[in-house]
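Peer 1: Chain by chain, the residues run as shown.
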Amino acid sequence: MIRTLRILAITLACVAFTGMLATSIWTIAGNSDPGNLPQLLSENLDRSGVEHPVTAVLLNFRSYDTLLEIGVLVIAGIAGISMAKTASLEDPQLRTADSLLYALQRWFVPLMLVLAGYLLWAGADRPGGAFQAGAVLAATGVLLRLGGVPMEFLRPGLLLRLGLALGFTVFLLVAVASAIAGDAFLAYPPGMTKTLIVVIESVLTLSIAMVLLALFVSAPVNDAEDPEEGSSS
Amino acid sequence: MTSSLLYALAGAILCGIGLFGLLWLSHLLRKLLAFNIMGSGVFLVMVGLPQHQGGPDPVPQALVLTGIVVAIAATALAVVLIRRYFHLSGMTGLEDEPASPERGPE
Amino acid sequence: MTLNAWIPVFALMTSLIASLVIFALPEKGYRLRTWVNLGAALVKLSLVVVMVWGVFQGVEYGLSFTMVPGVTFVLKADALSMMFAGLSAVLWLLTTIYAVGYLEDSPNRSRFFGFFSLCVASTMGIALAGNLFTFFLFYEMLTLSTYPLVVHRGTEKALRAGRTYVIYTLTGGAVLLLAIAWLHGVAGDLPFREGGHFMDADPDIHRSLILIFILLVAGLGVKAAIFPLHGWLPQAMVAPAPVSALLHAVAVVKAGAFGIVRVVYDIYGVEASSALGVLEPLAWLAAFTILYGSFRALSQTDLKRRLAFSTVSQVSYIILGISLFGPVAAAGGLVHLLHQGIMKITLFFCAGNYAETLGIHRIDEMDGAGRRMPGTSVAFTIGAFGMIGAPPLAGFITKWTMGSGALAANMDWVIVVLLSSSLLNAAYFLPVMHRLWFREPAGSWPEERHWGRLETSAWLFWPPLLTAVMTVMVGVLASLPFSPLSWAELIALREYSP
Amino acid sequence: MVEWLLDGLLVLALVVTAAAALWSAELFRAVVVFIAFGVLMAVAWVRLRAPDIALAEAAIGAGLTGVLLLDAVSHLGGKRRRAHKPGDGRQ
Amino acid sequence: MTLWLMAGLLFTPLAWAVLTLLTDFSRGRLVTWGGILVQVLVSLGLWLTVARDGGFHYGLGGWQAPLGIELRVDGLAVTFVLLTAVVASACGLHAGVYIDPDKPWHRYFWPLFWFLWSGLNVVWLGGDLFNLYVGLELISLSAVGLVALGGKANALRASLRYLLAALLGSLVYLLGVALMYGQFGTLSIAGVVSWLGVHPVPAGSGLALALMVTGLALKTALFPLHRWLPPAHGIARSPVSALLSALVVKASFYMAARLWLELGEPLGNLAAAQLVGLLGSAAVVWGSWLACRQPQLKQVVAYSSVAQIGYLFLLFPLTYSVSESVSLQAQQGITLQVISHALAKAAMFLAAGNLILSAGSNRVDALTGVSRFLPFSLFSFGLAGVSLMSLPPTGGFAAKWLLLQASLGSGQWWWILVMLIGGLLSAAYVFRIYRASFLESAGPDRFYHPARSLEVIPMILALLALGLGLASDQVLSVMALPFEEGGSP
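Residue numbers (the numbering used here), protein chains in the order written: chain A, 11 to 243; chain B, 197 to 302; chain C, 3 to 500; chain D, 1329 to 1419; chain E, 2 to 490.
Looking at chain A on its own, in the form it has when it is part of the complex:
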């Protein structure tokens, strides 16, 4: 009885929510559009150092968002590996010698690495960029991993943590360098914009892949022993 009432209430709430939202979207779509942001953006595009507007927004106009977003990724990575069995992130269960997987691996991995490289390189003037490249790279890693490649760097040691932090650190150093030179935080020095963006994108690709991979492998395997508990509260 209570269950029925509850589902009824939730359904009603969700339907009302959807209805209100759709009405609001419809109304707003009917209002006159005051936005001139795309125009402003294309006017400033040549000052951004890259030709592709989405990349320009991500890594120049709103680079602070991106910096913080990489921070969010790093946080997730940290929180994830803090949960892992401490000795090793290794999951013996996943080391299967599946022949299909092996074949997949042989053909796909090089292809995916090329794709990641292309996406990264394309980011400056065409769709693509660090996120997509990083995701593809991470997917490659997952594939390798499923194929049983050990990947020592994923042990929760200094190397892993350096890898997690690398992209973020480079981004942060670039950001503060201009501030020390007397410009605003995150401003690129004139003339070096494109170079710096490419550098940042490259390291970000690595770090994004690393974080996602770490999160993928750090899920505790079922036979991990309990960590000893010290929390009194």
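Keep in mind that a hint or two might mislead.
Unchecked claim - Quick partial rundown of chain E residues pointing at chain B, CB under 7 Å, derived from the structure:
(1) Met2
(2) Leu4
(3) Trp5
(4) Glu138
(5) Gly152
(6) Leu172
(7) Leu175
Said to hold, decoys possible - Stretch by stretch, here's where chain B covers chain D in the computed footprint (C-beta under 8 Å, at least three residues):
(8) 1330 to 1337
(9) 1341 to 1349
(10) 1359 to 1365
(11) 1369 to 1382
As the list claims (entries may be wrong) - Each pair of labels, with its calculated beta carbon distance range:
(12) E:Arg453 <-> A:Asn54: 41 to 49 Å
(13) E:Leu4 <-> C:Ala7: 38 to 46 Å
(14) E:Ser478 <-> C:Leu5: 38 to 46 Å
(15) D:Val1344 <-> E:Ser478: 54 to 62 Å
(16) C:Leu44 <-> E:Thr3: 29 to 37 Å
(17) B:Ser285 <-> E:Glu325: 51 to 59 Å
(18) E:Arg228 <-> C:Leu5: 30 to 38 Å
(19) C:His436 <-> E:Ala472: 58 to 66 Å
Hint data in this document are derived by calculation from the structure and do not stem from the laboratory. The beta carbon of each residue, even a glycine, is placed where N, CA and C say it ideally should be.
Model the placement of chains B, C, D and E on the given structure of chain A, informed by the hints.
Peer 2: Same frame as chain A, but now just chains B, C, D and E:
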């Protein structure tokens, strides 16, 4: 009515579905699916609505890219937590009684 | 800022700092703690004496700064505040001496004396507060600092009493806060001013003013133990005797009564209050409380509880005095602020002595105690006669002055109240004295300790005698300048002709 | 007109897969449907002229999230687990 | 100079997050001390600068809004930056001693701590709707990570619940942002406000504000969306609980309040404002009531947070269509309430942690008779309690006074009742702790005194909460500094 607006409205429906899932489902992974669906809905609204009159707008597209990365980070973290929680307590829901129909014969 | 601005602050700080020092001292630092206590009490007393002289000369002591936007924190010494400050300074000194003896060898003394000093600091703040906001600040601080004293023994009973106490006083505090905030909204930030602020208030706000007055009295009446808000007081008797002495004679109940005085005189102004028609109901309420407290005291078998109900009755004398329209009655009420303090503290000291030395708690155990403890019993007798109103003791001065005031104000029914109250006082005190002096002890007294020449520890022996002597002196020397009565007359004069 | 039809079908498919992902009885199937939902989303982004998001959605939404969730399902003892990885029971 | 301060403020926490990620716990502690010093100095410097020269806009990357992201550096923001510096330093210093350095997973405490701090600064200074979203996620994920640290089943349960609530809240907020962008074509709050200044209020945009506020209310644990808070705040390690209760919930409230104050008048309506106030009142009563009934010390404190958060939402009705002066009083009162609750609650959680360490148990009963040992932490707890009861002279009292005045001034007398009842109920749960500590029975004879440094920190915070009441006028005067529109570095 443009196709952008159509997608924005679809986003609204996805939001509703996702919200329902988040509130109603008890299995944590299903909640996570619901969260991702709701997230997709929000992103559709975010891009579809401004493009309804103006054509492609790189700003919301960039925002959605950021949003997707944040969402995957949160999802991955949640998966880690859920798996560890299941490992320690054998439960897949947040209710006190471990009566989730999804549980296998452990 | 001049030195004069800082003297009230110093007076406040002496006990505050003493409290902090005591908390910091280790439990075993017995000697040092006693010296800190007594030293601070003496310093404070001398500061108060300086201020009393200064106020008499018309010197302005005061300090103010904006605390919250729109509200100032004001410390100020005027004639009325000096009356309360003087009372608390003198009695703090005596109670400290007494408490040192009373709590000898008992645990948690560091905690006790720390909060005790904090309590006195709050009382001082109440006395020196220059507006209702500041008053409220210290009023609530008093609640908090007395709670650990009430529950000091840590028994279930003490904790229950503590809970009752807190529920009553915090609720009262909330009502008071509401009233103060409302008043602030209606009339702005009002400093205490002789003659008050609402002499010619806008008739539009009369209704609000009356409602606020009721709320104010209700809030303050909890601490002043006005019927029907007195329930916490008899229960709080589980506290150690020095606490009862301080709570009942000085700090808590007087804070409430003092607050009502401040509201009637220095916020509303006595004439405005009278014009609003709120004084007469207040007088009736006070009169009823006087009789009610006395009746209830009659049936109590526990000595401290009897004294507690006596307090309920006696504090309302103050309220009655100020709510009769006229300077003479006002002086009678005000002087009772002091007189009742001195007399009641004597009685509580004595009750504590009986309990501590002979293990007497109930009245029927008191048979023949007079011969075993003559000094204490003399003091008790003086205090009790004072309460009854026998000339020339303090209580007589009060009742006489108040009676003349009532006649002057054409409120003859007050005389009836005063007389019947005196009869009732006699009815519940005389049997005690009869038992003390004229009955044979039921058995032998416990003699587990050797006190030396005195009947009890010297720390316990002298304070009640001293206050008993004061009870006599303030009565006999009532007409001298600087006697409580003349000081009260001074205040009444200033209030009625600002 | 064809475009409209395409858009309409896509939106319908999105909604249906989303609902199916949440309501399918088996967790494993739910995740598979969710991956399909991700692929459809990628197509939707192409239709919205947002190729960057489409790429990201394909790689992240459909790819990584899917693998992550599938892996989690197999660990949480979903019903399909034994069939999915035979001979690989709990140690 | 200002530029350097800003860069330092933004750079330090992020950089220290990376630095501490590369060390273990003990070395991370040393590194953190350095970072705390820098961050406190920078925050103080910025506060002093703004107190002297007034506020300004700071365009990140040299781009101005609406193209770039602009930070809004005004008196209120820098006051909260400074408050964060104080409270977070206290929690950081406390955690350095409190947390066991030998557990390998505790090394991850410091990076999460620093990320949390940087996220808070983002929110205080943020002037861009989407940037605020990212800041919120930064805060939420690091907070979840901190709660989950150590990974007991209960902690995981609490952190999962927290994570889901936080994610849902963020999404709802983001949905609101999407509608805002669709309507106004800008993400800058100032841009929206100036657009509304010249155009009539567009239809359909009310929902955008409602969604944003709802999402934020969920993250702030407004009744009835509060269920995730007590487990998370109760189960985390005490310094983490302190951070969460003192600062994290305030971040989302701060955003909601700023949005309401900027956009509430055009986009909101009276019923919504009253509804939010009503929910806040329900939180006050319900949270306090549950706090009275919790057997565990930290749960008492956590439910007290639910109640105290309720007061904050009285801002909505008390600033909607009222006179300028009443609105100002309400804003000042709420600001004081935020600050004093942050200080007092941090003090309370840290002191509770010490008491648990001393008594060896989290139960309220375990405190029986501890006042006999004169534990310093009990004093701190008590003092902080005075502020929560909003008794004078604490900051909590000053806040309540201003809110009372605002309620009276706007004629919305029903909030007065809520405040008075809430004050009494909070006294009930605070005195419950006092009472337990005064009970003399066969309690434990041994009593573990924690390290002095652990005990001093909550005391300082509690004294600050106390002193805030006396100095509230001065504090508020900095917040009310004129904001120089268009002034920018």
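Peer 1: For which of the previously enumerated hints does the structure constitute a violation, in increasing order of number?
Peer 2: 1, 2, 3, 12, 14, 16 and 18
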